[in-house]
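Colleague: Sequence:
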Amino acid sequence: MVSPDSELYRAHPDWAIRTAGRDPMLCRDQYVLDLSRPEVEKYVWEKVSGTLRSANISYLKWDMNRPATNLGSAGLPPDRQGEVGHRYVLALYRLQERLTREFPDLLLENCCSGAGRFDPGMLFYSPQIWGSDDTDALERLRIQEGLSMLYPLSSIGAHVSDCPNHEVGRVTPFETRGNVALTGAFGYELDVTAIAPEEQEQIPAQIERYHRFCGLVQSGDYYRLSSLQAGSRLDARMVVSKDRKQALVVLTRSLNAPNQRPKFIRLRGLDPSAVYADGDTGREYPGEVLLHIGLPVELPGGDFGSRLISLTQK
795 MVSPDSELYR
805 AHPDWAIRTA
815 GRDPMLCRDQ
825 YVLDLSRPEV
835 EKYVWEKVSG
845 TLRSANISYL
855 KWDMNRPATN
865 LGSAGLPPDR
875 QGEVGHRYVL
885 ALYRLQERLT
895 REFPDLLLEN
905 CCSGAGRFDP
915 GMLFYSPQIW
925 GSDDTDALER
935 LRIQEGLSML
945 YPLSSIGAHV
955 SDCPNHEVGR
965 VTPFETRGNV
975 ALTGAFGYEL
985 DVTAIAPEEQ
995 EQIPAQIERY
1005 HRFCGLVQSG
1015 DYYRLSSLQA
1025 GSRLDARMVV
1035 SKDRKQALVV
1045 LTRSLNAPNQ
1055 RPKFIRLRGL
1065 DPSAVYADGD
1075 TGREYPGEVL
1085 LHIGLPVELP
1095 GGDFGSRLIS
1105 LTQK
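Residue numbers (this note's numbering): 795 to 1108.
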């Protein structure tokens, strides 16, 4: 991006994407740099690579919140303006290809689904993507469900954030926020010194769970069992190891409702001939029962309750 109040824009106003004969459109007080032009691609590479060489930098987030509008380039004739979008993406691929080759130890994170600016091809260059600045736990169930249709869980940045949530104002239990973030690239984005003591006390256990289940989330088979987005009051998803010996089930309720009967949720991917033990309660279930009758749903009281269930084959 480029700010109109910058030395770069004053020197090269034609380096911003714009439709010929129209005023360029501001968004976030920015224009989009025209990467379809070789000289712009060269300039961006020199600036980014120079910054990376200037210090011991091991992480780079390539943020793309500003949408690309008024697609047009001063570097192409009128009859080739339809090439701008394609040329832009190819230049972006080339830049990130150079980054990963010349800085092999760099963790590159692409962003973001809010502006629709990463595609499955980007995973070739960045093993991690930031799905959305909307980190509300219930909103993230919907966002991460959609992302998981194309992207592996290990690539989706999923964070525990503060409440009331900065995007939607909703207050959800700290445990629920941790459980939802666990089915992704887990992290925190809050001031841990400013949250309630009872929330601070949960952090060590959440981090321990992340390390315990990280390998399963990264390499297991993912199943969407029940979805709030599809109208259910219960969101249920699970990850099963390739050998079917371990499974992680995440249950999250929307608003609590009176007179709700106990529910069972049918699991998937398990060995029907095996017996599985609940890691918290020690209760044992035949795999065939979990697959055809289901796992009993027991959630804490109140709105937006969540439970994490670890099942291990006996």
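Hints listed in this document are in silico derivations from the structure and should not be mistaken for laboratory results.
Backbone N, C-alpha and C define an ideal beta-carbon position, used for all residues, glycine too.
Honestly, I wouldn't trust all of these hints.
Stated by the list, open to error - SDA-like, lysine to any residue: derived pairs with alpha carbons at most 25 angstroms apart:
hint, residue 1, residue 2
1, 855, 833
2, 836, 890
3, 1039, 1024
4, 836, 888
5, 1057, 1020
6, 1039, 1076
7, 1036, 1071
8, 855, 895
9, 855, 894
10, 1039, 1066
11, 1057, 1021
What the hints assert, rightly or not - Pairwise CB distance ranges, derived in the manner of DEER restraints:
hint, residue 1, residue 2, range
12, 900, 1001, 47 to 53 angstroms
13, 821, 985, 26 to 32 angstroms
14, 985, 872, 51 to 57 angstroms
15, 928, 1069, 38 to 44 angstroms
16, 1069, 999, 52 to 58 angstroms
17, 999, 1096, 16 to 22 angstroms
18, 1039, 963, 24 to 30 angstroms
19, 860, 960, 15 to 21 angstroms
Colleague: Work down the list of hints and note, for each, if the structure agrees.
Modeller: Checked hints:
| no. | hint | result |
| --- | --- | --- |
| 1 | 855 / 833 | 23 angstroms, holds |
| 2 | 836 / 890 | 13 angstroms, holds |
| 3 | 1039 / 1024 | 29 angstroms, violated |
| 4 | 836 / 888 | 10 angstroms, holds |
| 5 | 1057 / 1020 | 12 angstroms, holds |
| 6 | 1039 / 1076 | 16 angstroms, holds |
| 7 | 1036 / 1071 | 18 angstroms, holds |
| 8 | 855 / 895 | 17 angstroms, holds |
| 9 | 855 / 894 | 13 angstroms, holds |
| 10 | 1039 / 1066 | 11 angstroms, holds |
| 11 | 1057 / 1021 | 15 angstroms, holds |
| 12 | 900 / 1001: 47 to 53 angstroms | 24 angstroms, violated |
| 13 | 821 / 985: 26 to 32 angstroms | 30 angstroms, holds |
| 14 | 985 / 872: 51 to 57 angstroms | 53 angstroms, holds |
| 15 | 928 / 1069: 38 to 44 angstroms | 40 angstroms, holds |
| 16 | 1069 / 999: 52 to 58 angstroms | 27 angstroms, violated |
| 17 | 999 / 1096: 16 to 22 angstroms | 20 angstroms, holds |
| 18 | 1039 / 963: 24 to 30 angstroms | 42 angstroms, violated |
| 19 | 860 / 960: 15 to 21 angstroms | 19 angstroms, holds |
Hints 3, 12, 16, 18 from the earlier list are contradicted by this structure; the remaining hints agree with it.
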